[in-house]
Amino acid sequence: MNTSNIHSHKVSLRLAITDALVAGLIALVLFGPIVGLVLDGYELRNNMGVAFIFVAIITTGRFFASLFFQSPIGVRFLEKFARGRKVRVTVAQASTNKFKKLLLPAIFLAALSYPVIAHVAPDLLGVFGGKYGITIMILALIYVLLGLGLNIVVGLAGLLDLGYVAFYAIGAYWLTIGYAELGLGFWSVLIISPIFAAGCGAILGFPVLRMHGDYLAIVTLGFGEIIRLVLNNWTSLTRGPNGMSAPDVTFFNMLSFNKRGADNLQPFHEFFGLEYSSSFQFIYIYWLLLIVVFLVLYINHRLVQMPVGRAWEALREDEIACRSLGLNHVLVKLSAFMIGASVGGVAGVFFASYQGFVNPSSFTFLESALIVAIVVLGGLGSALGVTIAAIVLTLLPELLREFSDYRVLMFGILMIVMMIWRPRGLVKPVRPAFESDKEQVKQKA
Amino acid sequence: MDNNAILNVAHLNIKFGGIIALKDINFHVPRASITALIGPNGAGKTTVFNCLTGFYKGGPGSKLTLSSKNKSNNLVEMLGEGFKLQDFINPPAFVKRIYFKMFGGTHLVCRAGLARTFQNNRLFEEMSVVENLLVAQHMSLEKSLLKGVFQTKDYLESQERALDKAHDWLKFFKLDKRANDIAGELPYGEQKRLEIARAMCTSPELLCLDEPAAGLNPAESAELSELIIRLRDEHRISVLIIEHDMHLVMKIADHIVVLNYGEVLFDGTPAEVRNSSKVIDAYLGKE
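Quick mapping for you: the protein sequence lines, in order, are chains V and W. Residue numbering for the first sequence follows my numbering, beginning at 1 and increasing consecutively. Residue numbering for the second sequence follows my numbering, beginning at 446 and increasing consecutively.
Pulled out of the complex, with its shape left as it was, chain V reads as follows (with noise of 0.2 Å):
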């Protein structure tokens, strides 16, 4: 469709036609060989049928589609879409909502609430009750926190870290390390870890931030595999790719999750009065995250008005200029991957607590990519779009479990369809906006 059909309001059914064959035919040639022809042992299978109802779906749809972006409402739609593209960055209007002021802690009490709905109703909610719903969403939660701290370094700093999920997996193996030789517990660590994981990203940071761009993403790529590999083969601490288990998690070091109790702690429903349920110990754990997450978030939102927040942004738009405002490139560099890494140390404590367990094949390549994925799909910078982003492309595969086979082939075409149509993301960024000039400010009093 070219735009000069945009404009003349006439419906063409000779177009729409065209465009619906052209489409089926692209569809027959992609989903022939890939759909079409299935792999049985040896044998090439004929299953052309699937293969054909594909093609008939995209052929309708995109006849449908071409009539309704000749209609006027659709020829609306994309002049509206085409000025949305056109606008990069917007400064924040003060806004005087009240429903939008009310939106945000709605959501919290309603996350909040989740896992009692799940526990108590899991018919309700379809593929997400009870215990296997809330562990699916222990986990969205946790590709959010680690979203939100390559977005620090990534979004908001500009410096491609290909390797963050090493960051991750020292988190994770820093609890069940120091749960087996030093001893620590679930919360000890989980107060450490941060600190810890913000030293390993300045030791890695240093020497290496003095380059940008390719350079700085073939690097961080690397020490992500240099510290899989380690864990792989440092058996005498890591136990390789046996793994190691994670200590329990306690509530608060005073009652523990187990049925009859362990390490002297009373056991949490006998405590409660409550009947035994193995659900209890990840509903801590949600509501645990779900704490941090938000603290994260606020963290973020601050950090984005604070001058480090504002140093990181400025890097990423001009390193030169930086430099010559009398910015230190390497350290505000340096505060990014720190910070980043901290959030990533903190969302790994949890993933080996969840888990129970953790061995070096978690904490793979594809691993890194799909956080990566997940800021590029959010929108680099956004805290909102990032933590939409990381949400949709967890639980999204849950939904779709029928399709599991399909999933690397819809992802694909989800990135795809992302890049043509937002190339910067779900959600667009947008400045703060300062009224500091005191004389405006007593013109509007």
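Treat the hints with caution; some may be incorrect.
Here are the computed distance ranges between Cβ atoms for each label pair [unchecked claim]:
1) W:Gln596 - V:Ala110: 26 to 32 Å
2) W:Glu668 - V:Leu331: 36 to 42 Å
3) V:Ala433 - W:Met691: 56 to 62 Å
Each computed DMTMM-like pair below joins lysine to aspartate or glutamate, with the alpha-carbon atoms no more than 20 Å apart [to be verified]:
4) W:Lys616 - W:Asp532
5) V:Lys131 - V:Asp248
6) V:Lys428 - W:Glu570
7) V:Lys428 - W:Glu671
8) V:Lys131 - V:Glu275
9) W:Lys514 - W:Asp678
10) W:Lys622 - W:Asp678
11) W:Lys619 - W:Glu630
12) W:Lys508 - W:Glu570
13) W:Lys508 - W:Glu671
14) W:Lys619 - W:Glu671
15) V:Lys428 - W:Glu571
16) W:Lys502 - V:Glu319
17) V:Lys428 - W:Asp626
18) W:Lys508 - W:Asp532
Everything labelled a hint here was simulated from the structure, so no lab data went into it. Heads up, the beta-carbon is just placed ideally off N, CA and C, and yes, glycines get one too.
Chain V is already provided as a structure; the job is to place chain W on it using the hints.
Structure of chain W alone, referenced to chain V:
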């Protein structure tokens, strides 16, 4: 060496491979004056700027002294020059050298009171105009993470002070209506002015402008020259300016340094430069 000078450049030289870009440049910038650096294309004007602001390191023997903020700063040392033999006998000098090697660089030059603008605008295009000016005040802001997260009183006060200063400079450069616009969406002339305003927010004593009037129309250019004169007279800023617009240079400069092929060709007042046969030959060629 002139004691009244804010900047003393002595024996500045730099080589790129086999090409000698600058050889033995000597000049000084008097305090609270406008000094222009002119010369035909490729004479090495921007290279001088880059040496001053630390993007290039001057060759051996270069001496750049910036007398600002009540002390004399050795710019070459700040940029982390190479080790010398006597450093290995003199531990304090050695430690100092290592410190500047690790933490030195362009940013120290700016903190010492020398700000610059660029030939092609280098604004933070996706940030708002005020934010551009706030980034420039990074050093004077309260940077503690905890104070910022909890928004303590002194954090808010320092933010307030920075915003006031930003608005003062925006007014000076007639950009106050643009405070909350995205910097990259401003018209070209306003972007040029914003870049100077941003440099001024670092509280410099010496301002280096690299072709500030390039691409401006005559009216904008006249407005800009008036602003630069006001900077000198009202704020006692010393200005070093590279410019091809001779009309503007002759009107505002107190002192002109002419470069040609990496050497100082002439050094004098506008009237002297206008009548110098050497300068005319360099620009128009000899018969």
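Restraint check for Lys131 of chain V with Asp248 of chain V, where alpha carbons must lie at most 20 Å apart: With a Cα-Cα distance of about 17 Å, the restraint between Lys131 of chain V and Asp248 of chain V holds, given a limit of 20 Å.
Pair hint Lys131 of chain V and Glu275 of chain V, alpha-carbon separation not exceeding 20 Å: holds, 15 Å
Lys622 of chain W paired with Asp678 of chain W [C-alpha distance capped at 20 Å]: Distance ~25 Å between Lys622 of chain W and Asp678 of chain W Cα, so the pair is violated.
Cβ separation of Ala433 of chain V and Met691 of chain W, checked against the hinted range 56 to 62 Å: violated, 42 Å
Holds or violated: Lys508 of chain W to Glu570 of chain W, with C-alpha atoms at most 20 Å apart: Outside the cut-off at roughly 35 Å; violated.
Proposed proximity, Asp678 of chain W with Lys514 of chain W (alpha carbon, max 20 Å): Holds: Lys514 of chain W and Asp678 of chain W sit about 19 Å apart, inside 20 Å.
Pair hint Lys619 of chain W and Glu671 of chain W, alpha-carbon separation not exceeding 20 Å: Roughly 12 Å separates the two Cα atoms, so the pair holds.
Holds or violated: Lys428 of chain V to Glu671 of chain W, with C-alpha atoms at most 20 Å apart: violated, 39 Å
Pairwise beta carbon distance, Gln596 of chain W to Ala110 of chain V, judged against the given window 26 to 32 Å: holds, 28 Å
Agreement of Lys428 of chain V and Glu570 of chain W with the hint, judged by alpha carbon distance not exceeding 20 Å: Status holds; Cα separation ~15 Å.
Distance restraint between Lys616 of chain W and Asp532 of chain W, which requires alpha-carbon spacing of 20 Å or less: Between Lys616 of chain W and Asp532 of chain W the Cα gap is close to 49 Å, so the pair fails against 20 Å, i.e. violated.
Satisfaction of the hinted span 36 to 42 Å by the C-beta atoms belonging to Glu668 of chain W and Leu331 of chain V: holds, 38 Å
Checked against the numbered hints above, the structure violates hints 3, 4, 7, 10, 12, 13; every other hint is satisfied.
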